[in-house]
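Chemist: In case you want the letters, here they are:
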Amino acid sequence: MSDFWWDVIDPIQSVLDGVMFGSIYALIGIGFTLIFGVMHKINLAYAAASIGGAYASLAAFQLLSAPALVVFLCAAVASGVIGYAVYICCFRFIPEHLPLATLMASVGMLILIDEVVVHATAGMPEPYPAMFDDVMIDLEPFWVRGDLLMIFVLSVIAMMILLYILYRTRLGIATRAVAQQPAAAQLCGIGQQNTNAVTFIITGALGGLAGAMVGASVGILSPLLALPLTVKGLIVTVIGGLGSIPGAIVAGLLVGGFENVFQYFRGVTERDIYVMLLLFVFLTFRPQGLFGRMSTRD
Amino acid sequence: MLELHSLSKHFGGVRAVDDLSLTVNQGEIFGLIGPNGSGKSTTVNLICGVFPTTSGAVVFEGQDITDAASHRVVAAGIGRTFQNIRLFGDLTVWQNLWVAQNSVEERETGWFARWLGGQRRGRDYAGELLKFAGLADRANELARNLAFGEQRRLEMARALAARPKLLLLDEPAAGMNAEEVGQLATRIRALREHGMTILLVEHVMELVMGVTDRIAVLNFGQKIAEGAPAEIQSDPAVRTAYLGTADA
Amino acid sequence: MDFYYGMAQLIGVHTLLGLSAYVVLLTGQVSMAQAGFFAIGAYLAGMLTVLAGWHIVPAMLLAAVASAFVATVVGFPALRVKGLMLVVATLAFGEAVRIFWFNFDYQIAKGNIQVGPLGGEGFKQIRYFPENGWSTADVALFIWAWVIAAMVALWWLDRSRVGSVLRAVGEDELAAQSVGINLTAVKVSAMTIGGFIAGLGGAIYAHYTTHIEHLNFGVILATFAIAYPILGGLSSVIGVLIAVIFIQGFLVEVLRFMGDWRNLLFGALIVLAMNVRPDGLFDARAMRTLRRLFGARDA
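Protein chains in written order, with numbering that gives the first Met the number 0: chain X, 0 to 297; chain F, 0 to 247; chain L, 0 to 298.
Excised from the complex, chain X in its bound form (with noise of 0.2 Å):
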């Protein structure tokens, strides 16, 4: 082979397990962009419920010694609960009108979350389950990581239930009714309140998935995840265009690779910068996102 052949592969390998790893990013984005597509406003603490999911499947993985697949269930489901606690204390009662509330009880809820995850720990990493991360893929002259290969797959699966869930079921035509006019959604018999507590729900379901997958591909748990996983989750839901489901899915797996194959030339340090560069080029040159309609709201 040449030896341009060879300058190339390793930036291709790199883009590759970026893209993989990316499918975190974009579930974490669909969590982010499905609150703001019902309630139109932003949940700051969804990436700290979604660590905090995983780190409450860890009882089931150190107490039961349960299989890799069944924790992560157990993540998912932990994190539907935090999300339902989120809504009460941050989105049900404060009245529609005052946005800032909102968004300063979700940041409360962040570092509380955060906090109850350091206390429990002791602030320690903690070794999380993984399946598959013996396995190599050999497919000349690329590698495929077999857990980065599961996470992407277990992604995929995830994404194709909610979208199911949203466009196939009672419950998702209500959710996208209540989003697109929750007046008239009302007038119809769909309760605003249900509606969005299930979002919640659904989308912490979701992140607790997200969570789960961050802790198996890193192979630990840390509560200095959260802020960085919620800096990147709010990148992809705005370079995939806000209220986007495709969007954020797209924008997850480009945010993936994108970082990977900067990490690659420029090290870990230097990296998010230019993913930063990245938001700001969407930003000027393209502020509605890749599939997001040009909207007066905001």
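Worth flagging that the hints you see were computed from the coordinates, not collected in a lab. Since this is a predicted model, take the numbers as computed values, not measurements. All C-beta atoms, glycine included, are put in the ideal place defined by N, C-alpha and C. Hints are not guaranteed to be accurate.
Unchecked claim - Now the stretches of chain L that chain F is said to cover, found in silico as 3 or more residues with beta-carbon under 8 Å:
#1 151 to 161
#2 164 to 172
#3 175 to 182
On the provided structure of chain X, position chains F and L as indicated by the hints.
Modeler: For chains F and L alone, coordinates are given in the frame of chain X:
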């Protein structure tokens, strides 16, 4: 004074305003009427630069203001009110007027006094307008606490605070009772006495027919008739498009 | 006694940070970039006094002007996005600034030690105060002179027409434009003023802690910056001060005996406060009550 030349605005496939031309003369009260969704409010928004025109031109006092930024339109001498009242609810009544004085004083006072000076001048100036709007005793109330009719009057006073030459009133009588409509008509005539030109976009027939000098009728974004109130009332096209279906 | 001076210094610096976010919030923009401006002020002022040997006052002013300039530059593109998009954009900007300092090395030899910012290790030895023999009390007074100047300036601004214009833009941009307000000018000015004040705060912060590193200027600091005015209620600069005293003085210092648990309590209290008083702890009604207590005319 205000000329619209073949003004058009398309939202996707919808022609909200379609090839509209009209002229408002100095000192007249010009009515713009039409059924719901006929493009009246869109016309006002195009004149004020709220969104960009698809084609055509807006000329004010010989100056092309097509697609100018909203604040430039105000500086040129056009004030407006909104169909669904948009006051600054958390500011007091007089502060609502203070905010709007901006473009007047641009020429009269120094930068420092205008922006960082005390409240006295602002209050004095607001006082006259509040008297005109019948809100003199409400000056220190928060705008959000005003009654509906008071809010309409305050919004009109706020538009006047920038001392416009042309005032665009977007459905000022919506939601008013007969007595309030009568007071509004008196107020509009008083403004004309002071040399103000007025473009009245309205639904309430008694007001339009009572105060305007000329009327243009819109339907589906197009002008279907123009003339004195009496002519409009007897125009067969208007009857079918508007009066016939909506009011008769 | 030094404990109280230390607390006064901390409260002073955070008040400046909160005031910088307050101005921007009045125009309805939630800026998570204030920690970034704060960082720029901190690093630049530190470099000016340590590397260039400047007196602290001109160093602070130049650092603040530089922050204000960056804020102006950020302000223009930030106008293109609103609401939640702005939150994310400014958050990303703040993080980009932090990562910039994380990767920034500029050291020179001073005597037999190397001084200056050094990437992840941070910028140590910003020892202007001890080198010039300032006591803790001197430093606290110095800080509060700036804080009071900033508060008086903003108080005045708030009472002048500028204040009403800023609030008008914050409430309804379309209506504000239609009475002749130039949105671009107002929003960018607010960002610039905010950048200047944050830069001042950062400059002081660098000198009283003597050691700064990129981790000081993360998302949490940006959150604090907007938390102060929101918790304080946006009715007056006094609200910001009260919120800072509540959070830094009460939660962080008085509850120090609770150890690490106070952070948990901090999160819970924010959630509780926003549920109980969504308009802020010190809202317009509280402000009027206060005025009445001092016998002032209700204006």
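Chemist: All hints are to be evaluated individually against the structure, with a verdict given for each.
Modeler: Going through the hints against the structure:
A stretch counts as covered by a chain when three or more of its residues have a beta carbon under 8 Å from one of that chain; for the stretch 151 to 161 of chain L and chain F the count is 6, and the coverage holds. Under the rule that three or more residues need a Cβ within less than 8 Å of chain F, the assignment of the stretch 164 to 172 of chain L holds, with 5 such residues. Check result for the stretch 175 to 182 of chain L against chain F: holds, 8 residues qualifying (beta carbon to beta carbon below 8 Å, three or more required).
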